[in-house]
Amino acid sequence: MGIEEKLPNGILLTTVEKLVNWTRKASFWPATFGLACCAIEMMAAGGARYDLARFGMEVFRASPRQADLMIVAGRVSQKMAPVLRQIYDQMPEPKWVLSMGVCASSGGMFNNYAIVQGVDHVVPVDMYLPGCPPRPEMLMDAILRLWDKVMHEPLGDRRRVQMEAVEPSATPPGSIPSSYFYNKAKRAEWEQAAKEGREEQLRIENWMREHSGAALKLEGKP
Amino acid sequence: MSFLDPVRGFGVTFSHMFKKVVTEKYPEVRRPPAPRFHGRHILNRHPDGLEKCIGCELCAWACPADAIYVEGGDNTEAARYSPGERYASVYQINYARCILCGLCIEACPTRSLTMSNEYELARDDRQDLIFTKEMLLAPLLPDMEQPPHPMRLGRDEKDYYIGALTKPGTSIGAEHAKGEGAS
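Those protein sequences? They're chains A and B, same order as listed.
The first sequence begins at 255 in the numbering used here and counts up one residue at a time.
The second sequence begins at 6 in the numbering used here and counts up one residue at a time.
Treat the hints with care, since some could be wrong.
As the list claims (entries may be wrong) - Keeping only pairs whose Cα atoms sit at most 30 Å apart, straight-line, the calculated DSS-like set for lysine-lysine is:
#1 438(A) <-> 172(B)
#2 30(B) <-> 403(A)
#3 438(A) <-> 449(A)
What the hints assert, rightly or not - Output of the computed footprint for chain B on chain A, the stretches with three or more beta carbons under 8 Å from beta carbons of chain B:
#4 273-285
#5 332-338
#6 410-424
#7 435-441
These aren't lab readings, by the way, just hints derived from the structure by calculation.
Computed from a predicted structure; not experimentally measured.
Here a beta-carbon is modelled for each residue, glycine too, at the ideal position from N, C-alpha and C.
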């Protein structure tokens, strides 16, 4: 991008990288792009009960020039696609796109000529969030996963090459569900399970334990 | 309209200082959703570990978003995955399409497909949103055995289906809320 290309690699640069990424993720202003029912859940996420202000992103900007994140909430019709692209082009770098709901992610149940089958036909998407519509917690989960990705964003092309050379971990940034990510014990559990490739089973197991402890006892499990 | 009205307005705001905070502390504290909240699916197992899915594709037919893909396979005596004739050799749910409506679990004749309350499903790749059979299958409980293996709970599939009324295998966790129907 700029001066960081000329600097030698080292501790100083990685610290700067962390600082820059932290500032980027900590005031992650979304552009309002509510297109359908998902927008209602997006508004609920900004309300008192879920309160996106806790993550420094309560200001939904109507102007794309002030936004970092575009939350595409709802189905994108063919007619809306050029508008969507224009809004995206007007956002300043760095920018991220979160496709909220199944319609934005893949067209969902609207497999027809009027709806774009996924906004990734129009703009690059950084996080897909399924659900119809996703509840506010799901949106917050997607945002927090995106935070994790932003925190691991390389500063400059040289650093990108360096980071790609490192062996990929079993849990790449943004792959751990937020309720596991922000709980040390559960996170370790998840990372262990991911190494064995059974993280989804772990999720079912934990859910069964939480919600039907009595029922599982019938099956002989404490 | 008196000059006190604006003061009264601030009074309303100020009174909220003493009210209980409604905000959820989501990533640290996850409040459980409604017991019958439609979350990600589970493919259940019989108490001996055999899969409940018989590969009938009724879920795929019921799905309004065409999110489910099933390929049936024949059970043989050498390799048995489910009681009865057939099992699902391929089972996929595309969460980029699934609208979590629950029509599939209503259509399922063997209570193989149920839903959990898990909702943290966001991914950064569309490929990762396609959940395969390995990801959907319920974990093996202590008494269960990894299929393929012969039928342990009876001579034929009928014994399994009648037995499921009293011993539902892993389906029990998905069907009932805490305290409900556990006896």
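Evaluation of the provided hints:
no., hint, in the structure
1, 438(A) <-> 172(B), "violated (36 Å)"
2, 30(B) <-> 403(A), "holds (22 Å)"
3, 438(A) <-> 449(A), "holds (17 Å)"
4, 273-285, "violated (count 0)"
5, 332-338, "violated (count 0)"
6, 410-424, "violated (count 0)"
7, 435-441, "holds (count 3)"
Of the hints listed earlier, those the structure fails to meet are numbers 1, 4, 5 and 6, in rising order.
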